[in-house]
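Colleague: Given these sequences and hints, build the entire structure.
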Amino acid sequence: MELDAIPYLPRGVRLHFDKVRDTWVLLAPERAITLDQVGQAILSELDGTRSFGQITDDLAAKYNAPKDQIVQDSAGFLKALRDRRFLEVQ
Amino acid sequence: MALDRSAIRPPIAMLAELTHRCPLSCPYCSNPVELTRINSELDTETWQSVFKQAGELGVLQLHLSGGEPASRRDLETLVTSARDAGLYTNLITSGIGLTERRLKALDEAGLDHIQLSLQGTDAPMADQIGGYKGGFDRKMKVAEWIADIGFPLTLNAVLHRRNLHQLPRALEMAVEMGARRIEVATVQFHGWALKNRDTLMPTREQAREADRIVSEARAALKGTLVIDYVPADYHSDFPKRCMGGWGTTGLNVAPDGKVLPCHAAETIPHLQFDNVRDKSLSDIWYYNSAFQAYRGTDWMSEPCQSCERKTVDFGGCRCQAMAIVGDASATDPVCIKSPHHGALQAQADAHASVADAPLVYREAPGKESEPAE
Numbered sequence: 001m002e003l004d005a006i007p008y009l010p011r012g013v014r015l016h017f018d019k020v021r022d023t024w025v026l027l028a029p030e031r032a033i034t035l036d037q038v039g040q041a042i043l044s045e046l047d048g049t050r051s052f053g054q055i056t057d058d059l060a061a062k063y064n065a066p067k068d069q070i071v072q073d074s075a076g077f078l079k080a081l082r083d084r085r086f087l088e089v090q
Numbered sequence: 001m002a003l004d005r006s007a008i009r010p011p012i013a014m015l016a017e018l019t020h021r022c023p024l025s026c027p028y029c030s031n032p033v034e035l036t037r038i039n040s041e042l043d044t045e046t047w048q049s050v051f052k053q054a055g056e057l058g059v060l061q062l063h064l065s066g067g068e069p070a071s072r073r074d075l076e077t078l079v080t081s082a083r084d085a086g087l088y089t090n091l092i093t094s095g096i097g098l099t100e101r102r103l104k105a106l107d108e109a110g111l112d113h114i115q116l117s118l119q120g121t122d123a124p125m126a127d128q129i130g131g132y133k134g135g136f137d138r139k140m141k142v143a144e145w146i147a148d149i150g151f152p153l154t155l156n157a158v159l160h161r162r163n164l165h166q167l168p169r170a171l172e173m174a175v176e177m178g179a180r181r182i183e184v185a186t187v188q189f190h191g192w193a194l195k196n197r198d199t200l201m202p203t204r205e206q207a208r209e210a211d212r213i214v215s216e217a218r219a220a221l222k223g224t225l226v227i228d229y230v231p232a233d234y235h236s237d238f239p240k241r242c243m244g245g246w247g248t249t250g251l252n253v254a255p256d257g258k259v260l261p262c263h264a265a266e267t268i269p270h271l272q273f274d275n276v277r278d279k280s281l282s283d284i285w286y287y288n289s290a291f292q293a294y295r296g297t298d299w300m301s302e303p304c305q306s307c308e309r310k311t312v313d314f315g316g317c318r319c320q321a322m323a324i325v326g327d328a329s330a331t332d333p334v335c336i337k338s339p340h341h342g343a344l345q346a347q348a349d350a351h352a353s354v355a356d357a358p359l360v361y362r363e364a365p366g367k368e369s370e371p372a373e
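Chains as they are written, first to last, in UniProt numbering: chain S, 1 to 90; chain Y, 1 to 373.
I should point out that these hints are in silico values taken from the structure, not numbers from a laboratory. Honestly, I wouldn't trust all of these hints.
[To be verified] Below, simulated DSS-like cross-link-like pairs (lysine-lysine); rule was C-alpha separation at most 25 angstroms, straight line:
| id | chain 1 | residue 1 | chain 2 | residue 2 |
| --- | --- | --- | --- | --- |
| 1 | Y | K222 | S | K79 |
| 2 | Y | K104 | Y | K52 |
| 3 | Y | K240 | Y | K195 |
| 4 | S | K67 | S | K79 |
| 5 | Y | K222 | Y | K279 |
| 6 | Y | K141 | S | K19 |
| 7 | S | K19 | Y | K104 |
| 8 | Y | K279 | Y | K52 |
| 9 | Y | K337 | Y | K240 |
Quantities reported herein were computed from a predicted structural model and do not represent experimental measurements.
Modeller: Written out as C-alpha cells, the structure reads:
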C-alpha cells in the first residue's frame, strides 16, 4: 500500500462488533473475518479522505508506536483484503 | 447423556429458505424433491423472531434464499428486521420478481449484498435450463438496476455438461456487470439434480478444462474479480468440506420452519429435525439430535477415523454418502480412499456419456394436489 493511497471499505464491507464472541469482525460477502487489534485500529480509521500515510501517522501518535512498525504490520493484511476486493483504494 | 454445550461453537451463517416457490424450474434445484407449500410457510413475524434469535446465537451472515425469495411479498420487511438483528444480509436470487422499485426498497431496507444466479450466458441456454421464457432478458435488466443502485454483486454461474463451454463468457459477464465476485459452481448432485445426472454430469475433460480456465482467470483477474470455484464433485479425488463441517458453521431454516444442518439433510431418513415453531434456534443448534449426529469426528469409521484429512474435509458430504453408498456415516465416495470411489468414477463417466437424455424440470410446490388460491 502506497503511503499516499486513500484506502476505504467499499459498500457491502463493514465493521461489526460481534457481541457473542466479544470481538470485532469485518463483514463482507460470504465472509466474516475476525480482526486483531491492529486490523481493527486501521480499519476503523478509514474515512475515504485520509491517506494510508496520514492514518498510520495518527495511529503512531495515538498508540505511541513507531509508524514503520504499523505500516509493516498492516501491509500484508490490507493487501489480502484488496485482493479479495474487501478494500478499495482511491 | 448430557451434552457439553461449551464444546460447540456458535454458527456463523444461516440460510433462510423463505419459500420453495420459484418462477424458474431448474433441473438441478437444490430444494428437496418434497417441496413445502405456500400455506405451510412461516409468516413474517416468525421469520423476524428467527432472525433475532439468530443474531443472539452468533450468526453473522444471513443468506435469504428459496426457491425465489422475491416471491415473498414481505421480503423488504424481512431484510429490515434482519439488519435490525445485526445480520449481514445476502439475497440469493434469480432476479425474477424483482423490479427497480423493489430493489430501491431493498436498498432502503439495508440489504448488504446480492447474489444473482446465471443459468446460461445467452437467452436460448438460460431460458431452456431455467424453464422460463424471457428469464434471461429480464435478469439482464435486473443486473442493470443492481449496478445503478450500487449493490455489491456476486454472479453465481451454475455449470454442468450442457453449459460448461460458456464459462469464459460467464467470467466476462461478471466483469461487465461490475460484480466483485463470481461463484463458478459445478452442479452438485442432490435434490432434483440427482434425477438429471444423465444430462447434467460433466465429462472428465470438461471438468479438467474448467479447472484450467478458473486457474488462469484467477491470475488474470486478480484484484478485479474474485473467483470462488466449486469443482465437479464426482470427478474429484477428495470430497468437499461440506457445510464447513456438520453443525460447526452453518444452519438452514426451511420454508416451514424446520431447522436442518444442511439443505439436503432430509434425505437422511433416520434424522429427527426440530422446528422453530416449537423450539428456540439456540436449543436446536446445541441440542437437536440431527445436529449432534455428525458433529466432530467421533461418528467416523474407517478410512476416515485414522485419516490425516479427517478435520480437513470431515469425511465429505453425509447426504452424498447416503445417496450413493446408502450409509450416511460412510466416507463420501468421492474420496479416493473410499472403497466406492472407483465405482463412483465409473458411474460419473457413464452418466456423462448418455446422449440426448431429457431435462427433468423441478415441479412447483403442491401444484397438482392443491387448488389455486
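Colleague: Look at each hint and say if it fits the structure.
Modeller: Hint by hint, here is what the structure shows:
no.	hint	result
1	Y/K222 x S/K79	12 angstroms, holds
2	Y/K104 x Y/K52	24 angstroms, holds
3	Y/K240 x Y/K195	21 angstroms, holds
4	S/K67 x S/K79	18 angstroms, holds
5	Y/K222 x Y/K279	45 angstroms, violated
6	Y/K141 x S/K19	40 angstroms, violated
7	S/K19 x Y/K104	30 angstroms, violated
8	Y/K279 x Y/K52	14 angstroms, holds
9	Y/K337 x Y/K240	14 angstroms, holds
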